[in-house]
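Chain by chain, the residues run as shown.
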Amino acid sequence: MSDPTNDGQVFDRLPSTSDDRDVAGRATRSEVIEWWGDRFGVDAETFENYTFWEKGAGKIWVFAADLPSPTDAEGIGMTFLRTRQEHWKPTTNAVQRFGGRATHNVIDLGPDEAARFLAGDDLDPDWDGDWGYLIVTHEMAGEREPIGVGLYVHDELRSVVPKGRRASLTARE
Amino acid sequence: MTPLERYESLVDDPEAFRAACDRPLPSVVRVNTIKTTVDRVREAFDDAGISHIPTDWHPGVLRLPEASPGRNWPHAHGWIHGQEEVSNLPAAVLDPDPGDRVWDTCAAPGSKTTQLAALMDDRGLLVGNDNNLGRLSALRHNAERLGVTNLVVTNRDARNFSLKPFGSDGDDDARVDAFDAALVDAPCSCEGTIRKNPDAFDTWSLDHVHSVAGVQKGILRRAVQATRPGGVVVYSTCTFAPEENEAVLDHVLDTEACRLADVDVPLEGVAGVTEWEGAEYDPSVERALRIYPHHNDTGGFFCAKLEVTG
Ligand SMILES: C[S@@+](CC[C@H](N)C(=O)[O-])C[C@H]1O[C@@H](n2cnc3c(N)ncnc32)[C@H](O)[C@@H]1O
Chain A
2 MSDPTNDGQV FDRLPSTSDD RDVAGRATRS EVIEWWGDRF GVDAETFENY TFWEKGAGKI
62 WVFAADLPSP TDAEGIGMTF LRTRQEHWKP TTNAVQRFGG RATHNVIDLG PDEAARFLAG
122 DDLDPDWDGD WGYLIVTHEM AGEREPIGVG LYVHDELRSV VPKGRRASLT ARE
Chain B
13 MTPLERYESL VDDPEAFRAA CDRPLPSVVR VNTIKTTVDR VREAFDDAGI SHIPTDWHPG
73 VLRLPEASPG RNWPHAHGWI HGQEEVSNLP AAVLDPDPGD RVWDTCAAPG SKTTQLAALM
133 DDRGLLVGND NNLGRLSALR HNAERLGVTN LVVTNRDARN FSLKPFGSDG DDDARVDAFD
193 AALVDAPCSC EGTIRKNPDA FDTWSLDHVH SVAGVQKGIL RRAVQATRPG GVVVYSTCTF
253 APEENEAVLD HVLDTEACRL ADVDVPLEGV AGVTEWEGAE YDPSVERALR IYPHHNDTGG
313 FFCAKLEVTG
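Sequences listed follow chains A and B, in order. The first sequence runs 2 to 174 under my numbering. The second sequence runs 13 to 322 under my numbering.
Just so you know, these hints were derived from the structure itself, not from any lab. Just so you know, not all the hints are guaranteed correct.
Claimed, not checked - If you want the footprint, here are the derived chain A segments under chain B, 3+ residues with CB under 8 angstroms:
#	region
1	18–30
2	36–49
3	57–66
4	142–150
From a predicted model like this one, the values you see are computed outputs, not experimental measurements. C-beta: ideal position from N, C-alpha, C; glycine also.
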């Protein structure tokens with residue numbers, strides 16, 4: 002058998018902890034769950050029944066079931082988190098799916114700013130919290146709902162909504 | 013002869029049939045219960061001044077008489093998915109349970125896959141397969157926007173889909189050696205989509221009908237083989253040609269261990285046909301459902317439910 006490496010073609014299940022790690026630089030399941038807890042206050046129980054997978058360097062996927070590892074497929078679950086870089090970055094879709102449980106590093110926008118954020122504009126809202134990746138929310142049908150990920154740096158909130166998810170919405174049709 | 017003239021002898025009311033085929037289709041969306049509830053979607057539409065009318069057979073399927081399904085906040089949040097009314101039928105007929113293992117053989121761009129995921133409460137294992145890589149990227153995009161996490165996406169020819177890549181010949185606890193259910197929403201000549209695509213008939217030919225029927229038979233046979241005894245396989249097309257519908261069922265009844273069950277849905281339709289242009293089909297194909305555009309003011313559709321017996 003060849004040395005375990007990070008094969009970009011197949012999905013590998015993340016090791017539970019660093020004791021089980023055999024691929025250098027690979028995030029572990031417990032690090033990933035801890036990161037969501039530290040950064041956003043998302044409870045570890047949220048992810049109890051999920052498995053986590055890496056395909057390509059640093060791209061982590063969240064999966065509601067399990068399969069033998071490695072598995073060759075086009076996708077396993079949903080893209081979730083970008084690791085192997087100094088600041089880990091959650092995906093827009095993961096934030097929409099799980100970010101409703103966040104308790105901190107969440108910035109809530111009013112209607113006009115929310116529309117501009119979705120269109121991909123950078124904003125300068127009031128924020129005296131941490132710099133880095135924030136969960137951006139607005140009110141929908143009476144509750145806070147996550148729109149996506151913003152990068153707060155130098156008193157500016159950059160929209161990192163991917164091109165395919167941006168939209169310009171007129172207030173009323 | 014246009015394809016529609018070809019089927020007038022099968023249709024209960026040819027005039028209503030022709031008139032419905034000439035009318036455009038209303039915009040319809042399905043509420044994505046993975047991310048929200050029907051009530052919240054309705055409230056969000058009200059807040060945005062977008063009118064919406066629930067269909068009388070499915071509270072989570074809404075008609076939007078004035079708006080397009082895409083440009084609004086509920087869409088941006090993945091709360092809704094633009095999906096034609098009859099297209100909601102096959103997943104409802106398959107009716108998976110949370111925790112099931114389900115194979116969607118022809119999945120892209122994923123309207124029915126994501127509906128299956130919602131019916132499974134986004135739990136269990138859902139395999140979405142398509143042999144067209146370009147269309148798979150649309151499937152992935154839709155599944156991610158709708159927040160689906162129980163989906164494995166594969167790019168293979170469903171006719172010889174192997175379970176080996178899922179460890180079927182090993183002893184891993186996470187291996188998959190059979191599915192509880194499968195959906196074959198087959199490639200077809202698309203005659204029933206004429207209201208949505210007025211040029212659907214431009215490429216129509218009898219040769220194409222016959223060649224696509226061969227593919228349909230291959231996919232449906234493989235779906236029955238990969239499903240455990242007692243499991244369910246749903247077959248659907250958006251076309252009227254009996255060659256692509258009842259004849260495909262007849263072939264699979266002959267060659268694989270399965271039988272037809274009733275399609276139990278609160279939509280108007282008529283029974284499958286047992287004779288067509290000199291061919292006779294197994295009498296049980298009557299249990300399939302044919303939906304013509306004038307029945308429910310939708311596109312045309314065909315849907316059948318098979319139970320795997322061995
Ligand atoms: C009617 S469309 C499926 C629509 C999809 N179920 C939905 O609801 O969005 C049929 C699909 O079958 C795929 N297809 C055609 N031949 C196939 C084959 N041999 N194996 C797998 N997929 C195939 C086509 O690429 C096409 O995406």
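For this session: Starting from the hint list further up, note which numbers the structure goes against and sort them upward.
Result: Of the numbered hints given earlier, those the structure breaks are 1 and 2, listed in rising order.
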